[in-house]
Amino acid sequence: MIDEFYINGIHWNVQWTNPSNPILVDRTNVLTCAVTDPETMTIYLSDRLKGEFLNHVLIHELGHCVMFSYGLVNEIHRMCKKRFWIEMEEFCANLLADYGRQIFGIAYSVLGEQAIHVVPYHMEKLVA
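Residue numbering for the sequence shown is 429 to 556, as defined by our numbering.
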C-alpha cells in the first residue's frame, strides 16, 4: 500500500492512526473513523478500518482531496450559504463514495471493451 499520492500536482499523505486519536475529530467536533486535513495535506484513517467499509471511507476522503486540490471547496462555498458549507462538502464526498463505482460500472457497460482505455484514464487523472 502507498502512503502518499498526488492530485493536480499536490502532494497528499495517508496516515493510519489509533481510532481514539484526537486527530480523527472532525470540524463538527465528532470523533470519526477518518479525516482529511487540507492544512497538512493528509488523510488520517483509523487503523481499524477494513474491507468494504475501508474502501468506502477512503473514496469519501479522496473526494475531499479532489475538492481541495482543484479549488472546488471555494466553488461549493460560493454556491451555498455558509451554514451549509460542511454539509455540502460531505454530500459531494458521499456522492463519490456511494455512487462512484456504479457510475464507472455503467460507463464500462456502455463503452464495452473501449472502457478499459477510457475509464481508467479518467480515474487516473483524478488521483495522478
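No wet-lab data here; the hints were simulated from the structure. These numbers were taken from a predicted model, which means no experiment stands behind them. There's no promise every hint is true.
[To be verified] What follows is a set of in silico ranges between Cβ atoms, one per label pair, in the way DEER data are often shown:
#, residue 1, residue 2, range
1, H545, I487, 35 to 45 Å
2, G479, E518, 15 to 25 Å
3, I487, I514, 14 to 24 Å
Don't be surprised by glycine CBs; every beta carbon is placed ideally from N, CA and C.
Now the hints, each set against the structure:
no.	hint	result
1	H545 with I487: 35 to 45 Å	violated (22 Å)
2	G479 with E518: 15 to 25 Å	holds (22 Å)
3	I487 with I514: 14 to 24 Å	holds (19 Å)
Checked against the numbered hints given earlier, the structure breaks only hint 1 and satisfies all the rest.
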